[in-house]
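Visitor: Letter by letter, the chains look like this.
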Amino acid sequence: MDRFVFLTVDGLSRGAVYAAFALALVLIWRAARVVNFAQGAMAVAAAYVAYTVSTATGSYWLGFVVAIVAGLLLGALVDRAVMRHVDHASPLNPVIVALGLVLLIQAVLGMVYGSEFRPAEAPFSRSALTVGGVAVLSPYDLFVFATIGVVVSGLAWMFARTPVGLRMRAAAFAPEVSRLLGVNVGGMLTLGWALASGVGALAAMLVLPTELGLHPHAMDLVFVSAFTAAVVGGLDSPPGAVVGGLVVGLLLSYVSGYAGSDLTPLAVLVLLLAVLLVRPGGLFAPVAARRV
Amino acid sequence: MTATDLLVVRGLVAGYGAAPVLRAIDLTVPAGTIAAVVGANGAGKTTLLRALSGMIRPAAGQVLLAGEDLRGTPVEQLVRRGMAHVPEGRGVISELTVDENLRLGGLWRRDRADAGRALDEVYQLFEPLARRRRHLGHQLSGGERQMLALGRALVGRPRLLLLDEPSLGLAPRVVARTMALLRQLRDRTGLTVLLVEQNVRSALAVADQGVVMSLGRVVIAAPAVQLRDDVDLRHAYLGF
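If you're matching them up, the sequences are chains A and B in order. Take the first sequence: its position 223, counting from 1, is numbered 223 in our numbering, and each next residue is one higher. Take the second sequence: its position 73, counting from 1, is numbered 73 in our numbering, and each next residue is one higher.
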C-alpha cells in the first residue's frame, strides 16, 4: 500500500510535467497546425541558458526566470525565423523542418556545452515527507504541483477571459475572418509559439532535477511521453493534454514501480499505439465537426 | 470623384495566379447609399470584394476609401479605416460563443466605452442573439448566423459594409428582413453598403445603385430603379 501511494504521488508529479509539456504541444498545434517535434530540444536549450546563468550568479531562481524568458524568446524566434517560411501545403514539411531543428539545436548545445551530463539543481528537498509513517510528498513535488497548477490555470484564464486570449483563439480557428476583424493573426501566432516554448522551458526546468541532469538529449524521452499525453487527450484539447499528462505519468510510474523501469519507454509507445488505433481523435475529441 | 463618394475604384485588376478575374473595374459608391453588385456565377463579384478588403492583392488599379488610397494596407488594418467585410458563408467562428464572436468585432477599437455601447446596440437590434449569448456558433440556425455576422461587423461601427451573398441559403422571409435592415441602417446611421448578390430581385429592391458584372468587368452601373424597370437590360444581363 505504501508503495502504491508513493508511486501514485510520484506518477502525478511527473504527470504534471508531462501535462505542461503536452499543453505546450497543444498550444502550437491549435495555433499553427504543427506538431512541434523540436519542443524538447528547445526546452533543453533554455535550460542550458539557465544553467549558465545559475552557475555564473549562484542563484537558482535567477536561472529559473531566465530559462522561461529564454524559452519565450526562442519560441518567437523559431516562428519568425523558421516556421513562418515553411510551406504548410503538406503537413509533413513543418514536421521535417522541426526534426531538422532538433538536430541543429542538439548539435549546437553539444558544441558549446559538451555532451556530458551536468547537474540540474533542485531548489527544494526531494526527500519525501512522511505522513503517518507513509512517505508521501517531497517539498519539491509540492513545488512542481504548485508551479504547474498556477501556469495551467493562468493560461486557461488567459484564453477564456482576456481579449488577447479571445484573439488567439479566433486567429487559430479562423485566420482569414480574424484578419477581417482586425486581429493581427501573425502576431498571435508568434505569441502562441512564445507561450508554448516558455511553458516547455518551465517543464524542462521542473523535470531535469528528477532525471540524470542536463544533457542535449535530456528531454527526448520526456518529449515522447508528453506527445503521447497530448495524443491521449486529443491534440486539440488543452484540458485533454492536462488529463493525458497525468494519465501517462501515473501509467509510467506504475509500470516502472511494479514491472521495472526498463519497460517504461515501451509502455509509452504501447499506449500511444493503442490510442491511435482505438480512438485516434483522443479521449477528448470534440463532438461537433468543424463547419464554417 | 466628389466629396460624398465613400468608395472609388479605378481600373482594378485582380485574380488568383496568372489569369486576372477582374479586368479593370471602375466603381463609385456615394456615402450613405447601397450598391448592389449582381451578375452570373464567375462574373468576379466575390473576387471584387476580396480585392477591396485586401484579401487578394490587386495587380493594378486604385481603391480609395473616403479619398485615402488603400494600396498596401494590411487586411487587419482595413477595419480601422472603417471597412467591414462579411465574407461569403458569413465567417461565423463556430468554436466561439455568440458573445465572443460579437466582442471580437470591436476588440480593435481604442474607445472601449463606445465598443461596449455598440455591442449593446447590436444585442438590441438582434433580439435572438441576446437570448443566445453563451451558445456556440455552430449551434445557431442559418438566420441567426446571418444576424451574428452582420452584428459582428456593426460592432466595429464601419463606414462601409461589404456583404458577400447575404441571402445565400436563407428563407425568403429572412432575406427580406435582412434587406429591410440594411435600408434601415442606411437611413438611420448613414451606413454605406456594397452588396454582392445572386438574388437579383431582392438586391435591386433595396439598392440605390445597381452594378452588373460580367466576365470580370462592370457592364452597367445605373440607378437600381432603372435596372429594375428596364426589361431589355434585365433580359440581356440578368436573365429575368
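Hints listed in this document are in silico derivations from the structure and should not be mistaken for laboratory results. The structure presented is a predicted model; accordingly, all values stated were derived computationally and were not measured. Check the hints yourself; a few may be wrong.
Unchecked claim - Each pair of labels, with its calculated beta carbon distance range: (1) B/Leu168 x A/Met111: 20 to 28 Å; (2) A/Leu73 x B/Thr97: 58 to 66 Å; (3) B/Ala113 x A/Gly186: 37 to 45 Å.
What the hints assert, rightly or not - Covered by chain A, per the in silico footprint, the following chain B stretches (three or more residues, Cβ under 8 Å): (4) 14-27; (5) 215-229.
Unchecked claim - Residues from chain B that keep clear of chain A, each with C-beta distances beyond 12 Å, as calculated: (6) Gly11; (7) Glu68; (8) Pro74; (9) Val155; (10) Arg201.
We treat Cβ as the ideally placed atom computed from N, Cα and C, and that holds for glycine.
Visitor: Each hint needs a verdict: does it hold in this structure or not?
Guide: Checked hints:
no., hint, verdict
1, B/Leu168 x A/Met111: 20 to 28 Å, "violated, 59 Å"
2, A/Leu73 x B/Thr97: 58 to 66 Å, "violated, 34 Å"
3, B/Ala113 x A/Gly186: 37 to 45 Å, "violated, 29 Å"
4, 14-27, "violated (count 0)"
5, 215-229, "violated (count 0)"
6, Gly11, "holds, 24 Å"
7, Glu68, "holds, 17 Å"
8, Pro74, "violated, 8 Å"
9, Val155, "violated, 9 Å"
10, Arg201, "holds, 28 Å"
When held up to the earlier numbered hints, the structure conflicts with 1, 2, 3, 4, 5, 8 and 9 and fits the remainder.
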